[in-house]
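K.L.:
Listed here are the chains, written in short residue letters.
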Amino acid sequence: NAGVTQTPKFRVLKTGQSMTLLCAQDMNHEYMYWYRQDPGMGLRLIHYSVGEGTTAKGEVPDGYNVSRLKKQNFLLGLESAAPSQTSVYFCASSYLAGNRFFGPGTRLTVL
Amino acid sequence: EDQVTQSPEALRLQEGESSSLNCSYTVSGLRGLFWYRQDPGKGPEFLFTLYSAGEEKEKERLKATLTKKESFLHITAPKPEDSATYLCAVQTYNTDKLIFGTGTRLQVFP
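Protein sequences appear in the order of chains A and B. Quick note: the first sequence uses the working numbering, first residue 1, plus one each step. Quick note: the second sequence uses the working numbering, first residue 112, plus one each step.
The reader is advised that the hints may include incorrect statements.
In silico EDC-like cross-links for lysine to aspartate or glutamate, where the CA-CA straight-line distance does not exceed 20 Å [as the list claims (entries may be wrong)]:
hint, chain 1, residue 1, chain 2, residue 2
1, A, LYS57, B, GLU181
2, B, LYS208, B, ASP113
3, B, LYS180, B, GLU128
4, B, LYS208, A, GLU79
5, B, LYS170, A, ASP38
6, B, LYS153, A, ASP62
7, A, LYS57, B, GLU126
8, B, LYS153, A, ASP26
9, B, LYS208, B, GLU181
10, A, LYS71, B, ASP207
11, B, LYS170, B, ASP207
By construction, these hints were calculated from the structure, which means they are not laboratory data. Being a predicted model, the structure only gives us computed values, none of them experimental.
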């Protein structure tokens, strides 16, 4: 039972490049989330999904897109990376809207 | 506007020196307050959920309490392995989302 996994763990991009972060959960949770964590700021919600095929905007959605084609997977895309997107990204899942189970994070640097 | 404030930002304790971390909140209708522990380079790990004023929960050396305006995470006789950043988050009845504080970085030295 792996819980929530994220790939990759680290990534360095140049400004303007694109990439996709993959999140997978094996707990059969309906809800999944993408957060970013920056120094001096609390975790901020980027996008979330309340079920397969659904997505919704969070607090800081600009510059990101998401897809939830399968219940166990939630993808976060950056179409044209900017230095302001340098951050640590956490995926989480929950049974309905309860406690979030977090993945180990992806550290992204945009040069 | 819903807000969560944690204090202090950082806390250094000697092993065995008990203390408390604070999480104060202003929200329109508290649904639940969550405490998480986060080790460097890892994701937050769930500790407790509190739902109503007066509620208390314990786990090993940690005890979380809740009032109508704040929550405390009491650490009794801490050990170096308790060193971590402790995050609190609130959930309101208006939304399913969690609003996170910026955390308290705790260091316990021998």
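K.L.:
All the hints need checking, so say for each whether the structure fits it.
P.N.:
Hints versus structure:
no.	hint	verdict
1	A:LYS57 <-> B:GLU181	29 Å, violated
2	B:LYS208 <-> B:ASP113	11 Å, holds
3	B:LYS180 <-> B:GLU128	26 Å, violated
4	B:LYS208 <-> A:GLU79	25 Å, violated
5	B:LYS170 <-> A:ASP38	29 Å, violated
6	B:LYS153 <-> A:ASP62	25 Å, violated
7	A:LYS57 <-> B:GLU126	44 Å, violated
8	B:LYS153 <-> A:ASP26	19 Å, holds
9	B:LYS208 <-> B:GLU181	19 Å, holds
10	A:LYS71 <-> B:ASP207	19 Å, holds
11	B:LYS170 <-> B:ASP207	26 Å, violated
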